[in-house]
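**Student:** Work out the full structure: start from the sequences and follow the hints.
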Amino acid sequence: MVSRFKEALDSGKFVITSEVAPPKGTNLEKFLHHIDLLKDRVDAINITDHQSSVMRFPSLGGALAVVEKGGEAIMQMTCRDRNRMALEADLLFAYTRGIRNVLCLTGDAVPVGDHKEAMGVFDLDSLQLLKTIHQMMDGQDLGGNNLDGAVEFCAGAIVTPEAQPIEPQLIKFEKKVEVGAEFFQTQAIYDLDNFTKFMDYARKFKTPILAGIVLLSSARMARYMTENVPGIFVPQDLIDELTGVPKEEMLAKGIEIAGRTIAALKKDAICGGVHIMAIGREEAVPDIMAAAGL
Amino acid sequence: MKSITKQKSIEDIQEGLKGLDRIFVVGCGTCTTMTKTGGIEQVEEMKERLQEMGKRVTGSTVIPTACDDMTEVAMKENEQFIRSADAILSMSCALGVHRMNLYINKPVIPAVDTLFIAVEETPGYFREACAQCGQCLLGQTAGICPLTACHKGLVNGPCGGTNNGKCEVDKDKDCAWTLIYNRLKEQGRLDLMRQYQPPRNHHIVPKPRAVKIT
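Top to bottom, those sequences are chains A and B.
Residue 1 is where the first sequence starts when you use my numbering, and the numbers rise one by one after that.
Residue 1 is where the second sequence starts when you use my numbering, and the numbers rise one by one after that.
Note that these hints are calculated values from the structure, not bench results.
Quick caveat: nothing in here was measured; it's all calculated off a predicted structure.
Among the clues, some could well be false.
[What the hints assert, rightly or not] Distance ranges between label pairs, derived from CB positions:
1. Asn-201/B / Glu-227/A: 39 to 45 Å
2. Leu-137/B / Gly-143/A: 19 to 25 Å
3. Leu-147/A / Leu-137/B: 29 to 35 Å
4. Ile-213/B / Glu-227/A: 53 to 59 Å
5. Phe-81/B / Lys-24/A: 55 to 61 Å
6. Phe-93/A / Gly-124/B: 49 to 55 Å
7. Asn-101/B / Lys-24/A: 43 to 49 Å
8. Met-119/A / Gly-19/B: 29 to 35 Å
9. Lys-171/B / Lys-24/A: 23 to 29 Å
10. Met-119/A / Gly-124/B: 27 to 33 Å
11. Asp-21/B / Pro-58/A: 39 to 45 Å
12. Gly-19/B / Gln-164/A: 52 to 58 Å
13. Thr-26/A / Glu-48/B: 52 to 58 Å
14. Thr-26/A / Lys-36/B: 49 to 55 Å
[As the list claims (entries may be wrong)] Derived lysine-lysine pairs resembling BS3-like cross-links, with alpha carbons at most 27 Å apart:
15. Lys-185/B / Lys-171/B
16. Lys-8/B / Lys-18/B
17. Lys-116/A / Lys-8/B
18. Lys-76/B / Lys-116/A
19. Lys-47/B / Lys-106/B
20. Lys-36/B / Lys-76/B
21. Lys-212/B / Lys-2/B
22. Lys-76/B / Lys-207/B
23. Lys-8/B / Lys-106/B
24. Lys-106/B / Lys-76/B
25. Lys-212/B / Lys-116/A
26. Lys-2/B / Lys-166/B
27. Lys-116/A / Lys-6/B
28. Lys-253/A / Lys-266/A
29. Lys-207/B / Lys-2/B
30. Lys-173/B / Lys-185/B
31. Lys-185/B / Lys-212/B
32. Lys-116/A / Lys-173/B
33. Lys-166/B / Lys-197/A
34. Lys-13/A / Lys-206/A
35. Lys-18/B / Lys-76/B
36. Lys-185/B / Lys-197/A
37. Lys-185/B / Lys-204/A
38. Lys-39/A / Lys-253/A
Positions of the beta carbon are idealized from the N, C-alpha and C atoms, including for glycine.
**Tutor:** This is the structure in structure tokens:
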């Protein structure tokens, strides 16, 4: 069984991924409903790994649920909570259960989350995890031992086109390409001019890049993100556009903005696809796709 | 190099001294004097607090350097006052607590928590500069240690949490990798940052660690 997501990337089509966050607890109802809603509409669904360092149902279990429902999962894997042995073991298990895609992340810092006294592991970083996956695909673990049965993953990473300063970020991006990242999903982008500039640079590396589209559900959220979330910049004209509509119409306006951004990226073939993050409003993803004309 | 300490809360000190009524107080003339957590002044203040708690202070001393062999001398000099105490309350860092334990058979209760080992970069500003990892990278990182200066100890470049040269954990803290990038760029050595750094060996000297120099 090969990665259907990898096939989509190789096909040259405009690839669409989206994202679902596992719940805090064992009630999977809403989570499974969101998977059902998206699995036949997108090329793959990312399952987040304790995002923002908030403890939740694991990404491994969530990705398994996507596979069980016949969908294509991208298991997000951070280096914050597991040492190299635990990461390798989870990769072995994931492979045997049909998970074929992994997004390698360093992981947010522990103190920004809800277990502020926990140990941040970071035994590996995102680059070392990518390289580990390739080593395991070649049949060897990080201890240099042969595996009885190797893994096969399409392993990707993230990049932040709005990072300030950008140069150190680009060095890391190039290192990720060198160790074999097969795709990139970006942090949220809103400023198309800046993203186009980033793509003019990034395109030469030939690794598919899916632009991060985070739904702006209100003017307040847009302001909060641009002021507080590292690597996110929401241009003032978009904030004004949201402020200009009544509160009850802000979500619809956010959907329109997301749809129009995706349409522009696709029309001018700026990047290989998009990664749509609705952050708790997954019901809106089909509307965003409709607004984008997908 | 200084051992950075923070005084425990008076409640924690009281809890640590539960059932121990006669107390001998020891400060240190080096690190805890510098950080104002266990010098002469703080030892005098502590004696007052102990008396308010209803403890009997049998005596006190501030050892010039509590982590070396001066401790043995100080213990001997004050032997009669220590012998009549139920416990020593240590206002030196943990290294001093270890040292005192070598010479007397009395409980040594720490009044401070030892936080990290630092260098004094500018007067009064102490920064952790070395995690004693056993694999020094400073030659490749322009003299800025990514293990101590980066919250996550990343060795291959910045994470996505870096923001305008600051860290996602604290907007007042610099992003180590922005500093490293800037300094390597100035030195014309950015190629070092492009090199892949493999996972670290956490057992270069397996714990418990000790070494005998002959």
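**Student:** Hints broken by the structure, by number, lowest first?
**Tutor:** 11, 18, 22, 25 and 31
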